[in-house]
Structure formats: structure tokens, C-alpha cells
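These protein sequence lines are chains A and B, in that order.
The first sequence maps to residues 1 to 490 in our numbering.
The second sequence maps to residues 1 to 76 in our numbering.
Because the hints were derived from the structure by calculation, they are not lab data.
Since we're looking at a predicted model, the values are computed, not measured.
Any given hint could be a false lead.
Cβ-Cβ distance ranges computed for the label pairs, FRET-style [what the hints assert, rightly or not]:
hint, chain 1, residue 1, chain 2, residue 2, range
1, B, L21, A, L13, 47 to 55 Å
2, B, M51, A, Y424, 30 to 38 Å
3, B, Y27, A, F184, 44 to 52 Å
4, A, P373, B, M51, 46 to 54 Å
5, B, Y27, A, A442, 51 to 59 Å
6, A, I52, B, L47, 41 to 49 Å
7, A, K367, B, M51, 30 to 38 Å
8, A, I119, B, L21, 50 to 58 Å
9, B, V10, A, I414, 25 to 33 Å
10, A, V421, B, L47, 30 to 38 Å
11, A, N460, B, L21, 41 to 49 Å
12, A, I274, B, V20, 40 to 48 Å
13, A, G11, B, I28, 47 to 55 Å
14, B, L7, A, N460, 30 to 38 Å
A virtual CB, placed ideally from N, CA and C, is assigned to each residue, including glycine.
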Amino acid sequence: MGEKGLKRELGLLQATMMGIGGALSAGVFVTLGYAATLAGTALIIAMILCGIINLFTMLSYAELGAAIPSAGGEYTFAKASFSGFLSFATGWFEWISNMFYAAFCAVGFGCLISYIFPIVNIPLVAVITVAIFTLINIKGTKETGLTQTVLMIILLALLGVFIFWGLLTSQGTGTLELKAPEGFLGVLRATAFIFVVYLGGEAIAVAQAEIRDPGKNVPRAILLTCLALIFIYTTTAYVIFKIVTPESLAGQASPLAYVAEQFLGPLGVGIITIAGIIAALTSINTSVMANSRVAYALARDGYFPKSLFTLHRRFHTPFIAILVGSVFTAALAATGIVSFVTYATDFGFIIGFIFVNLSLIKLRRDKPNLPRPFKVPLYPLTPILGVLASLLLIFFLEPSTFLIGIGLFIFGLIAYHIRMVGYYRICLAIGGTNLGISAFLALFAYLIASNSLPIMLPENMASVLFDVTVFVSVVCLIAGLLNITRKSEG
Amino acid sequence: MKLRKILATVVGTVQTSIGVLAVILVYILYFNSFGLREWLNVTEEFLPLQMLVLIVFGFFSILSGSILVREEDSGS
Chain A
1 MGEKGLKREL GLLQATMMGI GGALSAGVFV TLGYAATLAG TALIIAMILC GIINLFTMLS
61 YAELGAAIPS AGGEYTFAKA SFSGFLSFAT GWFEWISNMF YAAFCAVGFG CLISYIFPIV
121 NIPLVAVITV AIFTLINIKG TKETGLTQTV LMIILLALLG VFIFWGLLTS QGTGTLELKA
181 PEGFLGVLRA TAFIFVVYLG GEAIAVAQAE IRDPGKNVPR AILLTCLALI FIYTTTAYVI
241 FKIVTPESLA GQASPLAYVA EQFLGPLGVG IITIAGIIAA LTSINTSVMA NSRVAYALAR
301 DGYFPKSLFT LHRRFHTPFI AILVGSVFTA ALAATGIVSF VTYATDFGFI IGFIFVNLSL
361 IKLRRDKPNL PRPFKVPLYP LTPILGVLAS LLLIFFLEPS TFLIGIGLFI FGLIAYHIRM
421 VGYYRICLAI GGTNLGISAF LALFAYLIAS NSLPIMLPEN MASVLFDVTV FVSVVCLIAG
481 LLNITRKSEG
Chain B
1 MKLRKILATV VGTVQTSIGV LAVILVYILY FNSFGLREWL NVTEEFLPLQ MLVLIVFGFF
61 SILSGSILVR EEDSGS
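Turn these sequences into a full structure, and let the hints steer you where they fit.
Set out below in C-alpha cells:
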């Protein structure tokens, strides 16, 4: 048994597949085109650079995951080293990011299905997909791991066909001479843009409470994931530029399908489309599992309602945490808004990266005797480079990412204070706000009645608006009085 | 205390309903169903602000109303 009834059912293979599946999302099938226009054939360099940057932080995950093998990943590491609001904020961003990521992949999956069957409703497909993976995740960790492993083997086989056929074929008009049209800055911009394809591998750390022999398997699975991703992405980029020129990828909806079509014909398009569909499914599976384990860990420490810290009697899975996360994910997926979801995901994951590296440094200083089955090489250089690389990535993201990140941070701050300041004080605050709204609405009603509003309203509408405003004002007044006159529970 | 309990339940339910209606109104405004924007003289310029105010008010009302209903339920 793992943590409080969670079963340790995932072996090295399943954990590694969880990591690769978390990172290999449908995003890689669509983002390569724009990245190629930024970096040219030097995208291969950008891919390796991304892999190395990712490795800095993943080494920190490996050390902390082996030393503190409890559910929650980044949140648990931050809790052990910082505690308080910083650890909550890390968990909050991690929870939200994984839900947003699952929604993003579900919408991506719906888009790919609509490519084959144009009549399908994308949000509906996305919601149904989330529901199916919710049931699989509730059924058991073993089932989740098995589903992931089977899907990943099919996905890797399909990508293997693309890569090896591409390496062996004599067709193609591309060139393998490394050229960056925008110079080294273009390579850096491509690195920041393409980095999202490496995100998701840290799901191993989130589910580490369910991995057998975590001291050995967690670091091994994380490092294997990193190396596998570098190999897959670099060889894919190599095949792309062997077959086509970077310029020809600009504006392609699915650059990989376009490349596959050049040397495999319609079969290539089919292979890549199916691979994209499976990649989306594996990412949804990983993200549903990851967000539920973070919510479970936050509930364990009292930041989220205790009911989320409940395990299913038969399946030993945190079914309430899975259901709550899936309801939010399905609601996000139903909107079909992909860009907002992508930005929020990137921001959350990068914040998580920063805190994991900082946690490693702090724990090495505060708890030097903590048993560490795996140690980050070249400490403290590696985690410092991990922090700097993550900060660099934030500055290369779209400006709207900052705004969304700030918005999510404010929501997190409110959630934290609601949980921490006590129910009675929250009721007082809500009561006071109700009285304020009531006073404001009373003033508004007066302005309507005295015809003093700066905008002209039709007479019948002014009358309706006056009645509604007075009614709502009275309701807020009574609600406010009831809230502030309640007895303290203490 | 019984009067307070009934009042809190009624006011809580009404306030939650007002919040739900405000959120539905945002949805109708956004998609301009039933030509509501023209009827309410809502210009494109002020639409995002009005939607924001309604969303904040709507969710606050749902929260406040739910707390009132929950308090009286748990108190009984």
C-alpha cells in the first residue's frame, strides 16, 4: 500500500509511459510548423536545447520524487520545503494546469475526430472523452496505467513508422544544413514556443505515491521519459527537414501530416492523424490522474475540503477528487476555447518548474540528512539553471499569458484565504459586501426614479429596472443583516 | 430562531436564484439572444464591463445565498 490506502500498482514501464504520454500531446502535431518558420532547420537545435532545459528541472523532480514519494508532486515538494501559501500556490497552479491541459487535449481530440467525421460536435466529443477517462481513473490505478501503456505502445509504433520510414526513404526535397533565418534569437524564440511539447512528463511525480519501489522507479522513469522525448522530437525534426523545407511548413494545419503525405501518401496522413488522436487520449488520461492526485494532496493538508481526501472503498482511488476535477475539465472543454486554456496551462506548469527547483535547493540546505536515493548531479548549478531557464521561458510567452496567470493567482489567493481565515469571518465579509451592494443599488434606484441617469432609458424599461433594483437591494440588505448577525461558531 | 431560519432559507434561495439569473443574463447578452442588447441599449463598447459586473455580482449572489441556506440547514 502507498499513502493512506493508495495502492502502489505502477511499475517502471507504466510510470515511464505515464510520463511520455503526458508530454506527447496533440500539440506536437500542430506546433512544429510555426516553430520551423522561427528557427528554420535549426529547429533540431531548439529541440535538443528544450530537452536539456527540461532535463535540468526533471533531475530535480527525480531527486525530490525519490526522497518524498507522497502524492501531489510539485505541491508535496513545496510543502516539505516552504509550507504555507507558497506550497498552496504551487499546488493550486498544478491542479488548475492539469485540468486545463486535460481540457486542451480533449478539445484537440475533438478537432481531430471532426477532421475524420466533420458532422461531430467538438465540445460534445471532448466532454464524452473526459467522462470516459474519469471512469477509467476511478476504476483503478492499475487500469489507468494499463490503458496508458497500451495507448502509448500504439502511439510509439505509429511514430516509429513515421521516423524510420522517413530516415530510410530516398524521397524528399529538404536540406539537413542547419540554417536559422532569424539567427540565434529565432532559435531561442522557437525553443520557448516549442517547450510546451516537453511539459507533462512530471505527471510521474504527481502519481509517485502509486509507483512501486519509488526510490528507484521514480528517478528512472523521469530520466527515461526525458531521454525518450529528446530522441523522439529530435529525430522527428530531422525527418521533417529531410523531406520538406521549413518554408513549406508555414500555414500547414497539421505539419506532421503534411510531411508524412510527402513520402507515405494518404497512408501517412492516416498514420499521423491516428497518432495525434492517441496522443490526445494519453494526455487526457495522464492529466485526469495528475489533477486528482494534487487535489487529494491539497485536501490531505486541509487546503481543500476533506471530502476530496476520500478513497473509493473498492477501487482505492480518490474518486471524489477525480470527479470534481473532471467536472471542471468537462466544463472547460465544453467551451471549446483552446487559446485561453493553452496559456493558462503553460503558465501553471512553468510556475511549478520554478518551485520544484527552489524546493530542491531549500531542502538540501534545511534537511541535508534526508535520505535521497537519487541526487542531482552538479548541484547547485543544475537547479539554478532550471530556475533561470523557466524564468526565461515565461518572458518569451505571449503577454496575455501573464494576465491569465495573474488572474489565476488572484483566484488562488481568494481560495487560500477563504480556507484559512475561518468560516465565521468569511460570513462577516460577505454580509458587509451584501450591505454595500444593497446601498449601491438603492442609490441606483434613486437615480432611475429621479431620471438622473447619464443614459436615456425607455419609460417602460426604466420602470422595470427600478422595480428589479429595489427588489435586489432589499434582498441584499436582508442577506447582509442575516450574515453579520449570525453567531460565531467558536 | 424559527423565523430567522425561515427568513434565511427564503432569502438565501432568492439570492441564489438572482445570481443564477445574472449569469444566464451574461450568457444571453454575450450571444445577443432575443435581441437583448438592442432592447437594453447595450453598446459594444460597454458590453465587456457590463458582463464582468454581472458575472461578479452573479457568482457573489450564488455564494452568499448558498451560505445562508447552508447555515440554516446545518443549524437545524
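field: Earlier hints that do not hold, by number
entry: 5, 7, 8 and 11
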